Amino acid sequence: MGVDGSYPYLLALWLLPLAGAIVCWAFGPQLKRAAGFIGSAVIGISFILTLLSWGAGTQSTGLATGGLGAHQSLGSWLPGFNFGLLLDPLSLLWTCIITGVGFLIHVYSIGYMEGDNAFARFFAYLNFFVFAMLTLVLSDNFIGLLVGWGLVGLASYFLIGFWFFKPSAVAAARKAFVINVAGDVGIMMAIFIIVNAVHSIGFGDAFTFAVGGHFSDATLFVICLCLFIGAAAKSAQIPLHTWLPDAMEGPTPVSALIHAATMVTAGVYLVARCAPLWSAPHNGNAQVLVATIGGLTALVGAILGTGQWDIKRILAYSTMSQIGYMIMGVGVGAYEGGVAHFFTHAFFKAQLFLGSGIIIHALANEQDVRRMGGLMKKLPFAFVAMTTGVIAISGIPFIGSGFFSKDLVIYGALEHGKPWLYALGIVTAGITAYYMCRMLFITFLGAYRGEIDPSDLGIRHPELAGTPHAADAHAHAEHHAGPNWFMTVPVALLILPTILIGWLMFGGENSPWAHFFAHQFPTLSPPLPIPPIGEGMTGLITFALVLAGIGIAYWRYGTAGAQANAVERLRVESVKMPGFLTHAFYFDAALDLLFVRTSNLLGTLFSRFIDPHVIDGAVREAAFSATWLGGLVRSFQTGLLRAYALFLVLGVACFVIYYAVFIGGPH
Amino acid sequence: MDLSAVPIGNYIALSSVIFFIGVTGVLTRRNPLIMLMSIELMFNAANLLFMAFARMWLHNAGHIFAFLVITVAAAEAAIGLAIVVAVFRSAKHVDVDDVALMKG
Chain R
45 MGVDGSYPYL
55 LALWLLPLAG
65 AIVCWAFGPQ
75 LKRAAGFIGS
85 AVIGISFILT
95 LLSWGAGTQS
105 TGLATGGLGA
115 HQSLGSWLPG
125 FNFGLLLDPL
135 SLLWTCIITG
145 VGFLIHVYSI
155 GYMEGDNAFA
165 RFFAYLNFFV
175 FAMLTLVLSD
185 NFIGLLVGWG
195 LVGLASYFLI
205 GFWFFKPSAV
215 AAARKAFVIN
225 VAGDVGIMMA
235 IFIIVNAVHS
245 IGFGDAFTFA
255 VGGHFSDATL
265 FVICLCLFIG
275 AAAKSAQIPL
285 HTWLPDAMEG
295 PTPVSALIHA
305 ATMVTAGVYL
315 VARCAPLWSA
325 PHNGNAQVLV
335 ATIGGLTALV
345 GAILGTGQWD
355 IKRILAYSTM
365 SQIGYMIMGV
375 GVGAYEGGVA
385 HFFTHAFFKA
395 QLFLGSGIII
405 HALANEQDVR
415 RMGGLMKKLP
425 FAFVAMTTGV
435 IAISGIPFIG
445 SGFFSKDLVI
455 YGALEHGKPW
465 LYALGIVTAG
475 ITAYYMCRML
485 FITFLGAYRG
495 EIDPSDLGIR
505 HPELAGTPHA
515 ADAHAHAEHH
525 AGPNWFMTVP
535 VALLILPTIL
545 IGWLMFGGEN
555 SPWAHFFAHQ
565 FPTLSPPLPI
575 PPIGEGMTGL
585 ITFALVLAGI
595 GIAYWRYGTA
605 GAQANAVERL
615 RVESVKMPGF
625 LTHAFYFDAA
635 LDLLFVRTSN
645 LLGTLFSRFI
655 DPHVIDGAVR
665 EAAFSATWLG
675 GLVRSFQTGL
685 LRAYALFLVL
695 GVACFVIYYA
705 VFIGGPH
Chain E
749 MDLSAVPIGN
759 YIALSSVIFF
769 IGVTGVLTRR
779 NPLIMLMSIE
789 LMFNAANLLF
799 MAFARMWLHN
809 AGHIFAFLVI
819 TVAAAEAAIG
829 LAIVVAVFRS
839 AKHVDVDDVA
849 LMKG
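For the protein sequence lines, the chains are R and E, in the order given. Positions 45 to 711 (my numbering) are the ones given, in order, by the first sequence. Positions 749 to 852 (my numbering) are the ones given, in order, by the second sequence.
Quick caveat, the hints were computed from the structure, so don't treat them as lab data. Possibly wrong hints are sitting among the right ones.
[As the list claims (entries may be wrong)] In silico negatives: residues of chain E with every beta carbon more than 12 Å from chain R:
no.	residue
1	P780
2	I787
3	M799
4	R803
5	H807
6	A821
7	A823
8	A826
9	F836
10	K840
11	A848
[As the list claims (entries may be wrong)] Just some of the chain R residues that point at chain E, by a computed CB distance under 7 Å:
no.	residue
12	T682
13	L684
14	L685
15	R686
16	A689
17	V693
All values derive from a computational prediction rather than experimental measurement. Note that beta-carbon positions come from the ideal geometry of N, C-alpha and C, so glycine has one too.
Please work from the sequences and hints to get the whole structure.
Here it is in structure tokens:
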């Protein structure tokens, strides 16, 4: 895979963030505020180098297999264990988002994290994350991918637990890390199986092997299953998604960069990268599994999004739901569609998170939407930013980038013969529009509710629900006047792509998107049958449901009447929230029961029974039997000389009898 | 009188009797001196057999072993009497049943 050669830009854009991380980490106390500029600059330079590598990344020898993109060798460890970097259209796309959107988020962080005690540490972690993510997407082999995979998990752990003096943040970080490591183990298992069969860790070798049909069907399915366990853990697919909402404990730029735009889409990258495995003949079950999990995640995330009050948790569930779409897209085989949704999602979700960051920053770390309201006049810029994000994620035709990419996914499901996922996708689109508009209306319309007693709004434990981070080292007093330039400019720059980037995918076969990926993904030898419902019709149905969602949200939260008695409405809704929404479908409880409780039970069994009675017991029994045997032998040692003599005589007698009776006399 | 006319069975019988007298002495008496004497009896029973069989087979090995036994018996008597003296010095008596210091 890839045209071999020497690509200094590729090496530089990969290693620069690592250098930035080391500098920010080692010289943090000396650099102080300059760490932010250095951290942002290295990512900016990486982005420029990525653009300069565009030609190398998209070059193609025109052959059916291999010869796409740039391949830089790094070295060999053992025969078959060759390490290198690969920049082909797929990794180029990811690299652009990681460095491009990453750069904007770095700049935003300079404003957002201003005054934090650990300003330099934050940028060291962010740069380290970018390096890890680039390692993940640029590796040309499974082991490099796994290294990057583990390192982004580590960076995520560092950044969720960035405010380590908050117990909730530490708990969330630990949870995210543990679930992610469970996924890492899945990928490791897949690598073991692949190396055992192929004797190589390279993507190209494994894919050639799979395309040639050398894997048995069962082996291929197990490989795909193991890979998908990793993808599901990283990309927050049910039932391994529970860490993502908790991960919102981290600073908002972290939520934007890691837990929305880039890291959580690594699972999508993995499935898209391993497309030849999934699309290999007789591997339909793996595709159905992945696509179904993706579709269900999209639906579950959207439903849970309707019942949240924390603005970042609403966005977290929407992230989960949107990644569900992407996984569904790459799962059914519509790789271009799934990747397209990643691309647009990176922009609009970064936009939404950064917009919510402006609100949170302005309201002294208030995150509960019930205590917001009427912010349209207070924070007009945030309103514009959030509205564009909502338009994009809801998929308003032509002015929301999400429309085009989501359409590719939904229609792709129908094209690839998965009508139930098609229906699921359309319904989810309607729910998405509803909960995003709900958030928008509650936050920006009506009157400001920050001065109202939290219990009147139905907030039972204000110190838990609202998370006013009283203990934060985050100084916010001087920011109440409004956002500063470091925060507004990146958000402003994101507005245009949030609205327009979807046009890249317009035009079917002739779109720039299709051209970009022309040689990337496996082509189906018999072309797919034309589905009974056309693409335009699909867009119309989706749009009708989206309009219905927006309408219901407007009717419930947007009308003048609803705004007038908003306080009472919100209180009633909080109190009457159904249990499955407040408990997030009991996933946490189920996982707790399934893994934590069983582990505890097993531990108790071992500590109470197996260890004291079997293991210690064996040792004790050995000691006891030695004592008993010693006692037995000791009883012969009477100390009486005549007793010893008697034993001697008896012994001799025994010999004599033996010889006399059994051996007999001389022959 | 020709000694070779005495059958070997008689020697064995006499030797056995002497030996068991020795054994009985060792097992029943509590005075170490008597016990040493009894052991001496057993040695001599063995010696008598050695002599008898040497005579019977006309072979000198029996004589050699008899000398060996006499040597061992002398050494044994020396050590045994030394122990008896040592025990008597510390315990002021020589009853073997009362000197059960090695009881486990």
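| field | Structure-inconsistent hints, enumerated in ascending order | value | 1, 2 and 11
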